[in-house]
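Respectively, the protein sequence lines represent chains U and P. First residue of the first sequence: 2, per the numbering used here; consecutive thereafter. First residue of the second sequence: 2, per the numbering used here; consecutive thereafter.
Hints listed in this document are in silico derivations from the structure and should not be mistaken for laboratory results. Note that the structure is predicted; figures quoted are calculated from it, not measured. Don't take each hint at face value.
[What the hints assert, rightly or not] Facing chain U, according to a computed beta carbon distance under 10 Å, are these residues of chain P, among others:
| hint | residue |
| --- | --- |
| 1 | Arg13 |
| 2 | Thr29 |
| 3 | Asp64 |
| 4 | Thr177 |
| 5 | Ser181 |
| 6 | Arg219 |
| 7 | Leu220 |
| 8 | Leu224 |
| 9 | Trp235 |
| 10 | Pro253 |
| 11 | Gly268 |
| 12 | Ala273 |
| 13 | Phe274 |
The beta-carbon is built from N, C-alpha and C at its ideal position, and this holds for glycine as well.
Each chain, letter by letter, is given below.
2 protein chains.
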Amino acid sequence: MEGVQPASKWFRERQQDDFEIGFRVAKTLFAAESPYQRVEIVQTAGHGAMLINDGVVMAAERDEFVYHEMIAHVPLFVHPRAARVLVIGGGDGGTAREVLKHPEVARVVLVEIDAVVVQACRRFLPSLSVAFEDPRLELVIADGVAFAARTTERFDVVIVDSSDPVGPAEGLFDRTFYGSLARLLRDGGILVTQAESPFYDQALQTAMFNAQREFFRRLHLYLYSNLTYPGGLWAFAFASQGLCPLRDFDAPRFARWPAAMRYYNAGVHRAAFMLPEFVRKRYAAILDPLPSI
Amino acid sequence: MEGVQPASKWFRERQQDDFEIGFRVAKTLFAAESPYQRVEIVQTAGHGAMLINDGVVMAAERDEFVYHEMIAHVPLFVHPRAARVLVIGGGDGGTAREVLKHPEVARVVLVEIDAVVVQACRRFLPSLSVAFEDPRLELVIADGVAFAARTTERFDVVIVDSSDPVGPAEGLFDRTFYGSLARLLRDGGILVTQAESPFYDQALQTAMFNAQREFFRRLHLYLYSNLTYPGGLWAFAFASQGLCPLRDFDAPRFARWPAAMRYYNAGVHRAAFMLPEFVRKRYAAILDPLPSI
Chain U
2 MEGVQPASKW
12 FRERQQDDFE
22 IGFRVAKTLF
32 AAESPYQRVE
42 IVQTAGHGAM
52 LINDGVVMAA
62 ERDEFVYHEM
72 IAHVPLFVHP
82 RAARVLVIGG
92 GDGGTAREVL
102 KHPEVARVVL
112 VEIDAVVVQA
122 CRRFLPSLSV
132 AFEDPRLELV
142 IADGVAFAAR
152 TTERFDVVIV
162 DSSDPVGPAE
172 GLFDRTFYGS
182 LARLLRDGGI
192 LVTQAESPFY
202 DQALQTAMFN
212 AQREFFRRLH
222 LYLYSNLTYP
232 GGLWAFAFAS
242 QGLCPLRDFD
252 APRFARWPAA
262 MRYYNAGVHR
272 AAFMLPEFVR
282 KRYAAILDPL
292 PSI
Chain P
2 MEGVQPASKW
12 FRERQQDDFE
22 IGFRVAKTLF
32 AAESPYQRVE
42 IVQTAGHGAM
52 LINDGVVMAA
62 ERDEFVYHEM
72 IAHVPLFVHP
82 RAARVLVIGG
92 GDGGTAREVL
102 KHPEVARVVL
112 VEIDAVVVQA
122 CRRFLPSLSV
132 AFEDPRLELV
142 IADGVAFAAR
152 TTERFDVVIV
162 DSSDPVGPAE
172 GLFDRTFYGS
182 LARLLRDGGI
192 LVTQAESPFY
202 DQALQTAMFN
212 AQREFFRRLH
222 LYLYSNLTYP
232 GGLWAFAFAS
242 QGLCPLRDFD
252 APRFARWPAA
262 MRYYNAGVHR
272 AAFMLPEFVR
282 KRYAAILDPL
292 PSI
């Protein structure tokens, strides 16, 4: 059985009906039906507090640093000076927290569709939602697709920190949305999107890349090990009109970085773009080639 | 509940009692109590046939290429000419299969403690156990620790393809064993050992590295994404008396490689040694430094 089960005290998430990942639950901290989804935060036995939307793990305190460092720092250390950053989704605050560590970032607009996620995380995931205390952040509770279509503001980096493409995040994987995002990026801008699993979500990734390809001259995929998503090996897509994630990576800026990171470093940045052979081959016709490091 | 459950048709493996990974089981193909462990091979719904020893996933047809390519090709593309290779454990044959793809390998000795594992895999995992048909391979059914202590043969590469350090594999994580292995390596030899998870098995990894450090002048850790082991991010240890896994990597030889691999390539080889910051920092005093790629 899926979902949080009071009797067994295990939360289990299914991946394509043949594979699952489970966490022992000590206590349910929050549970509500929002207008968009079921939002739960549970205290796990081994992974800290964990946000679960519609039965799918979004973030757990113990390892959220992996996902949030990789979605935020890769584009920000490639863009020469990202002053304005748009985050779509990411209502837990973790992505914005990492973005706001960059002193060159003057303004972050975070567009989350579900106010209940923000409220729950502000109360029970303070190490992520700390981002909302930063005066550089503006929180907009709105549909990201509609926001992207109508906003007149322009951004240097756009990060789509979405859940899976079912339920409220469905439109975030659509070509119309990528067209809007391409339009609201300033010259030299970068788009990074949550791109699911290269092992389990091949059809979805192919559709996503084909859609992004229409609007971006450069398209890459980079990988990281997500410990609390099924299968471990997960991906982000990196799209730009020219900036290269390896050639334009500002390693000297990273070397001067004052604060410790927990997952990201210069080696990890470059290594993330070295795709395993089955991934590289599958997308060789869609993604831009990169030299082997 | 752990183990293969006929009623629910799910096999679940626990990691440290608070985290589990589960696979839908279509059918049990083989189940026996060997003198050493419970050996099962099940047909999963999504991952092909899967070998399970004492309730722990060893290998699944769908993704075994990741583990076996990474344990075998990393040392073999660093060693300039590995003629003799010793594999300890690996009774499914997958590691030996990858080793035997190298034309310079004249002889492989595979020492597996449990004949039941070999018999079961020969019948139900033929894509792995194909290695046993190669005339260059000698299969020895024996305790790897005792074999390493007494053999007079010398090897260029030793691969310890072990299960977790409980049950029959316990001695494979012991310092006495590493002393034996250091002694039976020829000059310029390389030892690679299965090194568990850098996220979940930190105390074990520290003990393993400290034990190997006594006998090897160079010690490194490299990572890969194991899709069917809990947590996804898993590790191998690389030990030598001087060969460096980056500087001595024979990329031109890989470029001439005739057959397609599915995970390993030159970029993946180098990327595997780029440790996430939390791993790099923890082992900075034990492991040798490597330049960032």
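Consistency of the hints with the structure:
The closest approach between the C-beta of Arg13/P and any C-beta of chain U is roughly 7 Å, which is under the 10 Å cut-off, so the hint is satisfied. Because the closest C-beta pair between Thr29/P and chain U is about 16 Å apart, greater than 10 Å, the hint is violated. Given hint, Asp64/P at the interface with chain U, holds; its Cβ is 7 Å from that chain's nearest Cβ, closer than 10 Å. Hint status for Thr177/P: violated, given a least beta-carbon distance of 33 Å to chain U, over 10 Å.
Because the closest C-beta pair between Ser181/P and chain U is about 33 Å apart, greater than 10 Å, the hint is violated. The interface hint given for Arg219/P is violated, since its Cβ lies 18 Å from the closest Cβ of chain U, which is over the 10 Å cut-off. At about 17 Å, the closest approach between the beta carbon of Leu220/P and any beta carbon in chain U exceeds 10 Å, and the interface hint on this residue is violated. Annotation: interface hint on Leu224/P holds; nearest CB of chain U at approximately 8 Å, less than 10 Å.
Of the supplied interface hints, the one on Trp235/P holds, with its beta-carbon coming within about 8 Å of a beta-carbon of chain U, less than 10 Å. For Pro253/P, the interface hint is violated, the least distance from its beta-carbon to any beta-carbon of chain U being 12 Å, above 10 Å. Because the beta carbon of Gly268/P sits about 3 Å from the nearest beta carbon in chain U, less than 10 Å, this interface hint is met. Interface hint at Ala273/P: satisfied, since its Cβ lies 8 Å from the closest Cβ of chain U, which is below the 10 Å cut-off.
Satisfaction of the interface hint for Phe274/P is found here, the shortest Cβ-Cβ separation to chain U being roughly 8 Å, below the 10 Å cut-off.
Of the numbered hints listed earlier, those contradicted by the structure are 2, 4, 5, 6, 7, 10.
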